[in-house]
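Each chain sits in its own coordinate frame; assemble them with the hints.
Residue numbers (this note's numbering), protein chains in the order written: chain Z, 5 to 278; chain U, 65 to 405.
No lab work stands behind these hints, which were simulated from the structure alone. A virtual CB, placed ideally from N, CA and C, is assigned to each residue, including glycine. All clues stand as given, with none of them false.
Incomplete in silico selection of chain Z near chain U, CB under 8 angstroms:
| no. | residue |
| --- | --- |
| 1 | Ala53 |
| 2 | Pro68 |
| 3 | Arg69 |
| 4 | Pro77 |
| 5 | Ala83 |
| 6 | Lys99 |
| 7 | Arg103 |
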Amino acid sequence: MRRTCFAAWCLPLMLALGVAQAKPQRVVVLGGSVTEIVYDLGQGERLVAGDDSSIYPAAALKLPRVGYYRSVPVEGVVAMKPDLVLASENAGPPKALERLRALGIDLEVVSDSPSIESLYRRIEQIARELQAPEEGEKLIAQVRREVQAAQALPSTPRRALVLLNRTGPMMAAGGDTAANAVLRLAGLENVLASQKGYKPISAEGLATLQPDMIIISAASAKAAGGIDKVKAGAGIAATPAARENRILAMDDLLILGLGPRVGLAIEQLKAAAK
Amino acid sequence: MRLLSDSGKLAPQPVLTVLTCCLAVAALAATASGAVFIPWTSMPGLLWGDVPPGDALLHNILIEIRLPRVLFSAVTGAALAVAGVTMQALFRNPLAEPGLVGITLGAALGAVFAIVMTSGGFLVVATAAFLGSLAATFLAYAVGSRYRGAAGLLLAGIAINTVAASGIGILTYLASDVQLRDLTFWNLGSLAGADWRTLVWLGPWTMLLLIYLCRQWRVLNALLLGEREAAHLGFALPSVRRRLIVAIALLVGPLVAVTGGIGFVGLVVPHLVRMLLGAHHRYLMPASVVAGALTLTLADWLSRVMVSPAELPIGLVTSLVGGPFFFWLLLRGRSASMQGG
Chain Z
5 MRRTCFAAWC
15 LPLMLALGVA
25 QAKPQRVVVL
35 GGSVTEIVYD
45 LGQGERLVAG
55 DDSSIYPAAA
65 LKLPRVGYYR
75 SVPVEGVVAM
85 KPDLVLASEN
95 AGPPKALERL
105 RALGIDLEVV
115 SDSPSIESLY
125 RRIEQIAREL
135 QAPEEGEKLI
145 AQVRREVQAA
155 QALPSTPRRA
165 LVLLNRTGPM
175 MAAGGDTAAN
185 AVLRLAGLEN
195 VLASQKGYKP
205 ISAEGLATLQ
215 PDMIIISAAS
225 AKAAGGIDKV
235 KAGAGIAATP
245 AARENRILAM
255 DDLLILGLGP
265 RVGLAIEQLK
275 AAAK
Chain U
65 MRLLSDSGKL
75 APQPVLTVLT
85 CCLAVAALAA
95 TASGAVFIPW
105 TSMPGLLWGD
115 VPPGDALLHN
125 ILIEIRLPRV
135 LFSAVTGAAL
145 AVAGVTMQAL
155 FRNPLAEPGL
165 VGITLGAALG
175 AVFAIVMTSG
185 GFLVVATAAF
195 LGSLAATFLA
205 YAVGSRYRGA
215 AGLLLAGIAI
225 NTVAASGIGI
235 LTYLASDVQL
245 RDLTFWNLGS
255 LAGADWRTLV
265 WLGPWTMLLL
275 IYLCRQWRVL
285 NALLLGEREA
295 AHLGFALPSV
305 RRRLIVAIAL
315 LVGPLVAVTG
325 GIGFVGLVVP
335 HLVRMLLGAH
345 HRYLMPASVV
355 AGALTLTLAD
365 WLSRVMVSPA
375 ELPIGLVTSL
385 VGGPFFFWLL
395 LRGRSASMQG
405 G
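Chain U with its partners taken away, still in its complex shape (with noise of 0.2 angstroms):
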């Protein structure tokens, strides 16, 4: 087996086999830990014998909350950075990413506007979240559009984010009492919210999401040429951008809304993995698929044990490890630019 390919880079197979070995790890360690201790040795007993009747709160601790949170939290890392791979190949900007186009700020407006004016459950503030992602999705790429290169895409997700940051302070002046608390949590981004219920409708819903992003690395490829390159190559560059662009809005608004707004994985993580595999999108999805499960999987377990038996929020952990960790990356000088190999 080569270990690297043609373009100097790692090849694709053996790193989607480590990174998926180490997610397989992480995903364990997530589930073997927490602020109550379970032992290694009794867990086989617990997810698949007959649990002891004295072991029944750790056989639920186990079931129902640290094993839908883990494997959410794998799932929504996926969707964060195919997000981040899309975008960034779409807007051909190294900087975009849900965040920083205002998706995130935009699905928070929608699930804050839904909680503050209605009293409507879940299913409202979900769908309020995913029409918020949608609409700053849509403006940014019409404003992006109107301008060569990253500026325009900046100043759009500048704009958005003010707009949509400033009408969550305005809906957050209004709220109630009751209302406020149920608003703090979308400043700070949690998994805890996560339950087999959520699971169930997202984790299917995110996956063919998924799987149709990742079909896509041909005209993703193409876009690396250029937008004229990809339309002589055959593509019909509205009609992809626009389903592209719905198919994020689709993927992170609902996740979105369950999780509050999560920076840095769908940045960093399609850069790291562009560093170790080069740009051919046909590899980089899949594995930024399994590396941004890692990426969050590891966060979130960090979050929970970090200060147990209290939490820290998980954006705090995603930027203050991931942070210096790609600072450390760029500064060894290793080309992390939309080219790749």
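Chain Z with its partners taken away, still in its complex shape (with noise of 0.2 angstroms):
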């Protein structure tokens, strides 16, 4: 009688113990922004599956898709028997995510907004996930370091124009975006902070616009022929960047999300600025 009572209130004791000591095994991650920060804090091979956004880093893309983030399907993340599922916080719908909740996943949505302080949270949130403190601390405080470094480089402010082209017109990057959150860490300042997202810019309107610089995401210059291309193209011949030769072709990742290389994206720009 006596040992089924030890072991009645052992049992839940132990089971409890275990659950809050075991690492997560089997990550599922949704949303590009939370894989690249997995993989930096080393924990890569824990992850059994991406989204379509997960690009970054190149073993992010030998990972099983479970489709694009933003429409989750329920089954396709269980399918993959998931002990943790990490969900940056515009991953959706809504509904999706309630619904493996109710089946028992554990669901972690992460901080995921176009700020700095989102960053450092969303790394120290994802590490705590991961039981993985320690990494977690080192590498905020490295992405402070080269913050701070960066930021500690002369700045020569400009009034800069941020474009990307996917398969259309050229659209520029509004105040709300990360690109924008980017720019002013490096002292910039977004000609189109008033507008919201991104929008279709016009030739005219680049023109009007008059910005003393431009930077395009790299893989939008490489599909209008070439920077030369870029710079010659309506509208942007008329601008100072262009005759200043102020026009940057910059890695998509770097410019367009805020990520833990943002030091590196500050530094670029300043160097650019110049």
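And the structure:
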């Protein structure tokens, strides 16, 4: 009798301890900005699936895909038998996430907005969920160091414009985008700060805005036929940026997302703004 | 039992029986398979028996996710097919279907408007989608009836679809990032939103309207002869037309609000059934209910298993698989005319 009682007390306790201590080993990530940090924390081998936006680093491309993180398939995620799902706060639809939770899946939503505070919070949350707090602190310290170093560099205030071309008209980054946040960190002013999100911009609009500096994503520059073609493009040719040769092609994720490499992004922008 | 009816088409009862059996098999297969593997042998236990704690997850997936989704796709497919048959008879036009004349996009415009302009929940969005589909149907009808033949309706459909698409475009431009996420869904169509709550509301609602429309087979048959002939046969056409149009909008609008635009089913399923059975609406309507349910159940099943664990948009599957199949049937040269047998 005594023994059974002891076992009855012990079992839940052991289970609780076991659950608390077992590191999640089958992790599904939803959102490229989350995936990048998991790899930066050195925890990439614990991932069993990612989503279509998980394209960095190269190892993430080899993960099985469960679709796009904004239309998450419930069964698809469950089929990967995850013991942890790390979802960007932009993942959805909300109903799918609700249902994953209802099925007993451990789902953690992490901060993912275009600000540097959100980046730090994201790293901290992911490190906590992966039970790798030391790596998290190390990464945050490293990013902070890099950002401080980059911000200490002399900056040249310029009126800048960020362009993006996804098979169609040029799109320009507005005030609530990650690109805008990166510009501000580099001491630059976004000429379209009053615009919301990414919107198409016309050749005339480009000429009217008269930016001193144009940043175009590398993939867009390539699609347009190289930086020289961009420079000679309608509208762009008439800007101070083209005249003073201040057009920069920048890695897509560096300028369009605010990830752990933000220090490098600031450095590149400052160098080009001189 | 005769296999061929007088008109040279297949006899209706055996065809209905076979279709119903196919639907049952397809529904079973769709329930039994998906991204998560559930062995056949454990199905009955999961459905009716005591669920061992280890299988709670499988039980939940089966009951809470797959079953409502399969049922909802069957209901939606039936509704789209019957809407197609009814419109084809009503407009006396083999091209009529909810998508072509703008009902689907009208509903989408209503829904998108509600998403962007209000922050209302499902009921607001569904009501707006219904109003949009109703407005589009009436417009299509008003313009279409001013011209003889297919031209008027087709032009009306093009105009309505253009207006609705540009309206959606403008609203998309105005939408915030969060709202945009809700909007993308409308362009693709998906049955992933199906759950018991929507099914409990929309299932009986759809059934009632399906029964109502199936009972209208006499007037639909009469319309095949011509509008004047139908009137001479004693049908009060203006009021019948209005009733049918409202019924179609009531049928399709709320479903589209949940699933987004799913094309193709409403156009092709009626034609396939007509090739088999001829154009007697007494049999054409119930056969379309079953065939529509069968088609969408299969399509949704394919969309779930083809690229598992990811999912294909259902609209892609219906047109990708159904389109070439329809082509093949047409090339075989069998008559798919409105008059059928």
